[in-house]
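Each chain is listed here by its residues.
There are 2 protein chains.
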Amino acid sequence: MKKHLLSFCFLLMVLSTGCQEQNHNQADGSTEPIIFPKGEKITNDNFTGTAYLHMMIQSESANQTSVGNVIFEPGARTKWHLHPGGQILLATGGVGYYQEKGKPKQILRKGDYIKCPPNIPHWHGASADSAFIQVAITNNQFGPTVWLEEVTDEEYHH
Amino acid sequence: MKKHLLSFCFLLMVLSTGCQEQNHNQADGSTEPIIFPKGEKITNDNFTGTAYLHMMIQSESANQTSVGNVIFEPGARTKWHLHPGGQILLATGGVGYYQEKGKPKQILRKGDYIKCPPNIPHWHGASADSAFIQVAITNNQFGPTVWLEEVTDEEYHH
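Each protein sequence line maps, in turn, to chains A and B.
Here the first sequence stands for residues 1 to 158, numbered as in the UniProt record's numbering.
Here the second sequence stands for residues 1 to 158, numbered as in the UniProt record's numbering.
Heads up, some of the hints might be wrong.
Each pair may be met inside one copy or between any two copies, as identical chains are not told apart.
In the DSSO-like style, the derived pairs of lysine-lysine whose C-alpha atoms are separated by at most 30 Å in a straight line are [to be verified]:
1. K79 with K105
2. K38 with K105
3. K79 with K101
4. K110 with K41
5. K79 with K41
6. K115 with K79
Source of the hints: derived by calculation from the structure; they are not laboratory data.
Being a predicted model, the structure only gives us computed values, none of them experimental.
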């Protein structure tokens, strides 16, 4: 019987290790695996709270599409902003928000994606309790991102 | 002792179930979780083997970027093709290949991303032994994809 128990303990250990390995690469406190690199802490004033950016693809004249991976810590968000050529967001982990001016806040979860129409002011970021990971695909054909005012705590929690 | 063994069995079952739940949404035979929908089997003749496409974002005049999730079964691949505005590929699961005309085949794994320059003939697809999942971001500003000849088995395995 003792031998059987030892075998079970070993099997338990192996299974348990297998589970842990699937979570080896996590975003700040969440259990979501990161697919693309976390990048560097954003230090410009276009964001509120702590967020990280890894630029994957830079825009250039031949293809004016830029792609970046953004990780927002809980509560972190962009300022209001707009893109003359529009933007596409792909949610790859955590729980986040997206809001267009004058419309209700939407919740974004892993597997969700959204098209921000050209010239529509909007913001995006993490929910208050969870980090949020997104791939941002920006069309710079008609000009760069225009940054606007901060998303107030009242707007964020509304 | 029997009681302890039963407790261990229960714990084993719980842990094992936990592991399985992380893999609940799999691409054909691989252990990779799918982030975006699998979509429909591709029935046009631009692909060799079995592949699935879920169009996430359609191109339109205001933002001529299209985004699609493609799942290639092992051995499946596109024909040679080119994009007048270029394309960006994000690898989200499995093991795949990318090759530009006249250059060596590159291996793509989860977390890799690649920029296909405008007007350069190339192909992409799964490796022979593993499915491959990619997000394809196409810039249609300068015209639609131009499809070319099939990737031969010799080219594929080279």
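Consistency of the hints with the structure:
1. K79 with K105: within (14 Å within a copy, 42 Å between copies)
2. K38 with K105: Both: 25 Å inside a chain and 27 Å across chains, each within 30 Å.
3. K79 with K101: Classified as within: same-chain Cα gap 12 Å, cross-chain 43 Å, threshold 30 Å.
4. K110 with K41: For K110 and K41, the Cα distance is within 30 Å both inside one copy (22 Å) and across copies (23 Å).
5. K79 with K41: within (16 Å within a copy, 40 Å between copies)
6. K115 with K79: both (18 Å within a copy, 29 Å between copies)
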